[in-house]
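> Chains A and B, in that order, give the protein sequences. Position one of the first sequence corresponds to residue 1 (my numbering), numbered consecutively onward. Position one of the second sequence corresponds to residue 484 (my numbering), numbered consecutively onward.
Calculated from the structure, these hints are not laboratory results. What you are looking at is a predicted structure, and each value in this text was computed from that prediction instead of being measured. There may be inaccurate statements among the hints.
Claimed, not checked - A few chain A residues that don't get close to chain B, going by computed Cβ distances all over 10 angstroms:
1) Gly92
2) Met267
3) Gly419
As the list claims (entries may be wrong) - Here are the simulated distance ranges between beta carbons:
4) Asp102(A) with Ser576(B): 32 to 42 angstroms
5) Phe489(B) with Ser184(A): 25 to 35 angstroms
6) Leu500(B) with Phe9(A): 51 to 61 angstroms
For each residue, glycine too, the CB sits at the ideal point set by N, CA and C.
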Amino acid sequence: MLFNSLAYFIFLPVVFCVYWLIGSKRLKAQNFFLLLASYTFYGWWDFRFLSLIFLSTLVDFVVGRKMAALENRKIKWQWLWVSILFNLSMLGFFKYYNFFVDSFIASFLSDNACTSTVWSLNIILPVGISFYTFQTLSYSLDIYKNKLKPTRDFLAFATFVSFFPQLVAGPIERAKNLLPQITSGRTFNYIQALSGTKLILWGLFKKVVIADSLALMVDDIFLNFQDYSGSTLALGLLFFSFQIYGDFSGYTDIAIGTAKLFGIELMSNFKFPYFSRNISEFWQRWHVSLSTWFRDYLYIPLGGSKSKKTIALRNIFIVFLVSGFWHGANWTFIIWGGIHACLYIPVFLLARNRSYVGSQLGDGPWLENIRDLVMVLITFILVTLSWAYFRAETLGLANEYIWSLFNNFYFEWYQHPNGYRMLDYFVLLLVFLIYEFVIRKNERNPVPFSSRWVRLGVYTLMILGLLLFYDSNTNLSFIYFQF
Amino acid sequence: MRKFIFIILAYGVFILLLLEIIVRTLHLHKETPLRMIDERGVERWMPNQSGISVTGNRKQNFSEYRINNRGYNSYREYEPIMDSLEIAIIGDSFIEGFHQHYYNSLGKMVENDLSGIQVYEYGYGGYDLADQLHLIYAYPEEFSKIDRIVVYLKYPEDLKRGKYNVIRDRVRLQSGIYPYLKKSKLLVYAQNIGLLDAVKGFVKNAVNTLRGNSRSGVTTTTKKSEDLDQIYLENFKSLIAEYGFDKNKSVFLLDKSSLPDAFQEYLDNQDYAYIDYGEILEKAEDDVILLYDPMSHWNDLGRTLIANQIADWCRNQFK
Chain A
1 MLFNSLAYFI FLPVVFCVYW LIGSKRLKAQ NFFLLLASYT FYGWWDFRFL SLIFLSTLVD
61 FVVGRKMAAL ENRKIKWQWL WVSILFNLSM LGFFKYYNFF VDSFIASFLS DNACTSTVWS
121 LNIILPVGIS FYTFQTLSYS LDIYKNKLKP TRDFLAFATF VSFFPQLVAG PIERAKNLLP
181 QITSGRTFNY IQALSGTKLI LWGLFKKVVI ADSLALMVDD IFLNFQDYSG STLALGLLFF
241 SFQIYGDFSG YTDIAIGTAK LFGIELMSNF KFPYFSRNIS EFWQRWHVSL STWFRDYLYI
301 PLGGSKSKKT IALRNIFIVF LVSGFWHGAN WTFIIWGGIH ACLYIPVFLL ARNRSYVGSQ
361 LGDGPWLENI RDLVMVLITF ILVTLSWAYF RAETLGLANE YIWSLFNNFY FEWYQHPNGY
421 RMLDYFVLLL VFLIYEFVIR KNERNPVPFS SRWVRLGVYT LMILGLLLFY DSNTNLSFIY
481 FQF
Chain B
484 MRKFIFIILA YGVFILLLLE IIVRTLHLHK ETPLRMIDER GVERWMPNQS GISVTGNRKQ
544 NFSEYRINNR GYNSYREYEP IMDSLEIAII GDSFIEGFHQ HYYNSLGKMV ENDLSGIQVY
604 EYGYGGYDLA DQLHLIYAYP EEFSKIDRIV VYLKYPEDLK RGKYNVIRDR VRLQSGIYPY
664 LKKSKLLVYA QNIGLLDAVK GFVKNAVNTL RGNSRSGVTT TTKKSEDLDQ IYLENFKSLI
724 AEYGFDKNKS VFLLDKSSLP DAFQEYLDNQ DYAYIDYGEI LEKAEDDVIL LYDPMSHWND
784 LGRTLIANQI ADWCRNQFK
């Protein structure tokens, strides 16, 4: 079920009302209903894949219980590997099997086409598999590291794994944040519910108005990039930067907003990443739940930055390459991760990787702000260029795109074949950027104005935006569902 | 929780009211004139209406229309007489031209090109060949006075039926609850941009499910394109046989490149005259299709090129 579909607009109020009618005093019943709703939400795509979620839930629940009961570190370690192997095998089979087979064949065998058809399988990627496997893995890893006590409540654990707002595209929640909220009683909080509704509206705006409307142009430019000038290719990248941001952060906002309606707080995933002043800050603001996951469960166990510089550099490379690969079984994502590693390393070597922790663009005196603005622009350009690898279908096409961008650069006014009025989109992006700057202090409060009338005006304009840019022919799906 | 639901509903109602005001003020909604089926079974607009037609979510195209006393969009009234030269252009929305100002229509362009000749446009969105031939057939006293008739033929869309019958679906939408719903311009706008399609689809599916009409019960037949072309040709023959076609004064306006060989051969063998606008549009250096228009109607240049062709044909006829 998609957040921006009619089915969801019927599903959500029904689930919301029944959930609070059951009430927090009957916690088991409330959790059972939430689980049922989550499975319905997920089963709406393909009910067969519910078995995968259930299996993943069962394995990590059992592993968690077993590890908690054991004192022997070695046996505990073995149980942890049961969880790791199970989850990564599932992910590996559904997401990476064909990639490995095809890459192997391409590298070592001569008769590619023939063998490829024999070994490649027609595998459907279950929606959100990368997200919930990482979530359940973190549960087992935290128990192994004694950071978390396992739950005895299977129902609560199953609800934690499949909690529908964040099931298919995150934020990738940690058990220590989400599980206690599920195991303890929740009471309806008026302020929290209102704040959730605002986030849902803002998320919808980002998805429908920003991402979906720019997608039309991006699809055309990337499909026919050989026919366009460098300026148009630059525009394609610029639009894709905002498309993917609107798409993914829009989804996250709807997820966090929906969870708030059920009295649950999810972690923030996007903190205005395009206002970052270097790549390190960008990764502290972009897909936070994934970058902190890799930090906690890969970078630090590998030694982090505490050991020698060479080891630290190796660790940075590993984390970025794995992070790229996590996004998809394609060399383009690995190269994308590699590019970010290369951009991150100079910042790391100059010890600037924590320079902007806790600060915002525009906080300092005006001279500093101007310098920051230049830094933001440079960071944005670098990130935007790297998106070419994220968006292109193959590595060859991405290279060609970047080559054409610089080698064939001259200004040409872009016009979409369907004749969309381009001025509308430029004005839209400008207004969006200004508004994001205004609200940059708190990503969880997109309408931070004290005046009721101003708030009402903003809500009205958001809904008007939805109407003005709604396109009934657009693919409603979210980009991150493919990961 | 009650307070929350109340606040959400209150804000919702207030925002809807504000949006209604904005839609009305900016005139984002499309106005559609009232339809009627006259005593001779012809569907057309109710006479003497005017309004503004809008295309696109953001009012990308908007133009004024004027329905004359005959029920068609035109700057003029139709009073054909034997002593003057008159041309009728009959067709669907491409001839009706709600996407352009009524003073800048295809017919007006033809008229500007031909001095002393009056052009009457019988355009109505959704007309097919059955509607068009039936219109001529139903009003012999009017069309007998008109010297030349140009019939717009879009292949294959206009040949889906071989006999005219009155379809009341669109006129029916003007009764019952619909006129009241149409008073909300926000609702009209939402319908124009396709926002209500999802709702309609959902309700339809739900009703079908409740009635137990599963998809398995639907039988679909797929026909080869040659078979379909044969059906369209038969429809064409049948319509001509039923309602007649005066070859001495009538001509088809069509895009020859869209016709299958058999159909084109038939037109040639049977001496049907036609004006092929496809080639000239294809050769045009600039865009001939209206921007932001999902139906791809002709823009000013496209209409000018076609009007020139019609005018040339008329000049030859009246030599």
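> Look at each hint and say if it fits the structure.
Here is how each hint holds up against the structure:
No beta-carbon of chain B comes within 10 angstroms of the beta-carbon of Gly92(A); the shortest separation is about 36 angstroms. Look at Met267(A): its CB is around 24 angstroms from the nearest CB on chain B, clear of 10 angstroms, so calling it non-interface holds up. Non-interface status of Gly419(A) relative to chain B is broken: a Cβ of that chain comes within 10 angstroms, the nearest being about 3 angstroms off. Look at Asp102(A) against Ser576(B): about 50 angstroms separates their beta carbons, and that is not inside 32 to 42 angstroms.
One distance hint, 25 to 35 angstroms for the beta-carbon pair Phe489(B) and Ser184(A), holds here, with the actual separation near 28 angstroms. About 21 angstroms separates the C-beta atoms of Leu500(B) and Phe9(A), a value inconsistent with the hinted range of 51 to 61 angstroms.
Hint compliance for this structure: hints 3, 4 and 6 are not met, and every other hint is.
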